[in-house]
Amino acid sequence: MRIIKILLLLAIIPALVLGAISCQTLQSLVGPKAKLEVIPAETFLSPALIRKPVTFNGTGFGPKEMIAVEMVLPSGMKMKGLAEGEDLVGLAVGDTDDKGNFTAAMKPMATLNWFFQVGWTPLLRPNFKEARPIPPGVYKINATGLYSDRVATSSLKIVPPPKKKK
Amino acid sequence: MGKRSAIFLSIILAVCLSIAGLSSSAFAKEVEYLSLADYTGPIAGLNVPADMGLEDYLKDINAKGGVDGVKIKLIGIDTRYDTARAVSAYKRYRRSPKLLVVNSISTGIGKAVARLIERDKRLQLVPGDGEFQAHIQRTFIWGPAYQDAFAATLDWVMADWKKKGKSGAPVIGYLSWDNPFGRELLRGGKEYAKKLGIKLLPPEYFPPGTLKHDVYLTRLAKGGANYIHAGGVDPTPTNVIRDAHSLGLTKKIQMTCGYWGPTALGIGVHAKALEGTVITSFYQRGEESKENKVVTDLWKKYRGSMVKFNEVYGMGMSWGMTYVAGLKAALKAVGYDNLKPDDMYKAYQGITGLDKYGVQGACAYSPTSRRGSLEVKIYRVKGGKIVPITGWRKAPDAVSLHKF
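If you're matching them up, the sequences are chains A and B in order.
Residues in the first sequence are numbered from 1 upward in steps of one, following the working numbering.
Residues in the second sequence are numbered from 1001 upward in steps of one, following the working numbering.
Calculated directly from the structure, the hints in this document are not laboratory data.
Please note that the accuracy of each hint is not assured.
Claimed, not checked - Here are the simulated SDA-like pairs of lysine to any residue, each with C-alpha atoms no more than 25 Å apart in a straight line:
1) K64(A) x Y1093(B)
2) K1098(B) x D87(A)
3) K78(A) x Q117(A)
4) K35(A) x K1091(B)
5) K129(A) x L1265(B)
6) K1385(B) x A1271(B)
7) K1073(B) x G85(A)
8) K1163(B) x K1073(B)
9) K1301(B) x D1068(B)
Said to hold, decoys possible - Some chain B residues near chain A, calculated using beta-carbon distances under 8 Å:
10) G1041
11) K1091
12) L1116
13) N1239
14) T1352
15) G1353
16) D1355
As the list claims (entries may be wrong) - Partial selection, computed: residues in chain B whose CB lies under 8 Å from chain A:
17) G1045
18) D1078
19) T1083
20) A1084
21) V1087
22) A1112
23) R1115
24) E1118
25) K1195
26) P1208
27) G1304
28) S1305
29) M1306
30) K1308
31) F1309
Backbone N, C-alpha and C fix where the C-beta goes; we use that ideal spot for every residue, glycine too.
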């Protein structure tokens, strides 16, 4: 019986400690639920994305906070610049207004580096000969409030480019 | 011992071992340095050798037992010069209690991360944006501000002008990248030129990656420039001067550059075109750098042959020297167990005067200064080599001339 009590204590104490650690995470759940919209939700990779980049709209975050928008890489996917085991890459940075809403568009550097995975010439120009565009698929996108820790999730579908008409 | 007691003790032992296994790092005294770098992006050519210097310096310190037994872990992140990636990477490491310093490779990255740095009570290093000196916070620059170094170039220009027997003040052209970094030198630099009576032509800005600079150079030449200051990060200044040379402008116009002007990278490709170019630098360059035993001994120890040596390696070592000095002071103040990032921030402000073995001027960080050093040295490309033409000299404070 005493052993059962001790074992129970051994289970309860770590649970309490972990609970305290995750208190901050719990706090982030308080308040409105954060939402994220990816515009467009579906696209194919083309140079047009430099001029009209993928944009992220978010609501339900803390007021006046910085937002990191990141793409979750599917298991086993490799990306230029990311180390083994890294599964997140930043796509955009935004700032919320007084109401906790934000809009952030991908900068050309982000589109070139993370969608096209270009190389760079010594002349500081993107080298498309070394490009390894990310494969078509559905990619999970997270937006995280860097002060509130609130997280909203959405997805971006990359489809194959349309076939050229002969 | 009964069977039940043995089972009980085995369970306790297993729990303890698994906890120990999960938190093995808790037993090794270790602190972290996060480099938000560019290893495969547009300015990798300079960032890679700089981080090699930092890496080797810290490796050497660790090999000697660390700082008072505390080892330093360098976390290098390849941001590919992208701010979103850098912010995401910092987000990943920001809760690490022993992450003491973050080095951001670009002004843009630095400005984005600075807001989190303030919140997290940590310290950040960035290249040379004068705004961080104008508004003292937790971001420190590597040397004098960009505009300070530009003002030092203007001082040299005035002296050179007079040495040539000319009266009055010369006309100066300025061209650089069309981005905040490109414009930064004139935030204070423009005011300093006015103070000296120098006529500064309207600046020419071009997008990074521009292949030819003839249009901008021709406009400055037609404007009557006696001197042209080529901005951007090497190899951009090298390419600008290459174009000026092709246009025949270098025969009558003196080309000057700031501290990201030609290094071994540019000299290796366009030595002839760069001949006579004047470079104002806060870190030791060219032949001098190759003669600095502290720098070359470390390079040879970890990298071998000097063939691929670039002088920014020494600048990377300098980041390591500052970190080690700051860590020593922080450990002395609070000890390892109580050490927080804020203690490193406090320590950096007290390492004023730290000697950098000739790599750059003495450390100038203090409660009122975010400048890594105050001095610059003027170099000239002669016979395909970068040689000093002055000693270390204090750069004017151009930051204070501008309203930020």
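Structure-based check of each hint:
1. Restraint check for K64(A) and Y1093(B): the C-alpha separation of about 22 Å stays at or below 25 Å, so the hint holds.
2. Simply put, K1098(B) and D87(A) have alpha-carbon atoms about 23 Å apart, close enough for the 25 Å limit, and the pair holds.
3. With a C-alpha separation of about 11 Å, the suggested pairing of K78(A) with Q117(A) holds against the 25 Å cut-off.
4. With a C-alpha separation of about 20 Å, the suggested pair K35(A) and K1091(B) falls inside the 25 Å cut-off, and the hint holds.
5. The straight-line distance between the Cα atoms of K129(A) and L1265(B) is roughly 23 Å, inside the 25 Å bound, and the hint therefore holds.
6. The hinted pair formed by K1385(B) and A1271(B) meets the criterion: a straight-line CA distance of about 8 Å does not exceed 25 Å.
7. At roughly 18 Å between alpha-carbon atoms, K1073(B) and G85(A) fall within 25 Å of each other, so this suggested pair holds.
8. Between the alpha carbons of K1163(B) and K1073(B) the distance comes to roughly 51 Å, so the proposed pair goes past 25 Å and is violated.
9. Between K1301(B) and D1068(B), the direct Cα distance comes to roughly 23 Å. Compliance with the 25 Å bound is thereby established for this hinted pair.
10. For G1041(B), the interface hint holds, since its Cβ comes within 8 Å of a Cβ in chain A; the closest pair sits about 6 Å apart.
11. For K1091(B), the shortest C-beta to C-beta distance to chain A is roughly 5 Å, which falls under 8 Å, so the interface hint holds.
12. Given hint, L1116(B) at the interface with chain A, holds; its Cβ is 6 Å from that chain's nearest Cβ, closer than 8 Å.
13. Checking N1239(B) against chain A by beta carbon gives a least distance of about 7 Å; that is within 8 Å, so the hint holds.
14. Taking 8 Å as the C-beta cut-off, the interface hint given for T1352(B) is violated, the closest approach to chain A being about 32 Å.
15. Because the smallest distance between the Cβ of G1353(B) and any Cβ of chain A comes to about 36 Å, over 8 Å, the interface hint for this residue is violated.
16. At a threshold of 8 Å, the smallest CB-CB gap from D1355(B) to chain A is about 35 Å, leaving the interface hint violated.
17. Taking 8 Å as the C-beta cut-off, the interface hint given for G1045(B) holds, the closest approach to chain A being about 6 Å.
18. The beta carbon of D1078(B) is positioned within 8 Å of a beta carbon in chain A (closest approach about 4 Å), and the interface hint is therefore held.
19. At about 6 Å, the closest approach between the beta carbon of T1083(B) and any beta carbon in chain A falls short of 8 Å, and the interface hint on this residue holds.
20. With a cut of 8 Å, the hint placing A1084(B) at the interface with chain A holds, because the nearest CB-to-CB distance is about 4 Å.
21. A cut of 8 Å between beta carbons decides the hint on V1087(B): the least distance to chain A is about 5 Å, and the hint holds.
22. The closest approach between the C-beta of A1112(B) and any C-beta of chain A is roughly 6 Å, which is under the 8 Å cut-off, so the hint is satisfied.
23. Checking R1115(B) against chain A: minimum C-beta separation of about 6 Å stays under 8 Å; hint holds.
24. The beta carbon of E1118(B) comes no nearer than 11 Å to any beta carbon in chain A, farther than 8 Å, and the hint placing it at the interface is violated.
25. Because the smallest distance between the Cβ of K1195(B) and any Cβ of chain A comes to about 33 Å, over 8 Å, the interface hint for this residue is violated.
26. Nearest Cβ of chain A to the Cβ of P1208(B): about 5 Å, under the 8 Å cut. The hint holds.
27. Given hint, G1304(B) at the interface with chain A, is violated; its Cβ is 24 Å from that chain's nearest Cβ, farther than 8 Å.
28. Interface restraint check for S1305(B): the shortest CB-CB distance to chain A comes to about 22 Å, outside 8 Å, so the restraint is violated.
29. Below 8 Å, beta-carbon pairs count as interface contacts, and M1306(B) has none with chain A, the closest being about 21 Å; its hint is therefore violated.
30. Of the supplied interface hints, the one on K1308(B) is violated, with its beta-carbon coming no nearer than about 15 Å to a beta-carbon of chain A, more than 8 Å.
31. At its closest, the beta carbon of F1309(B) sits 18 Å from a beta carbon of chain A; the interface hint therefore is violated under the 8 Å criterion.
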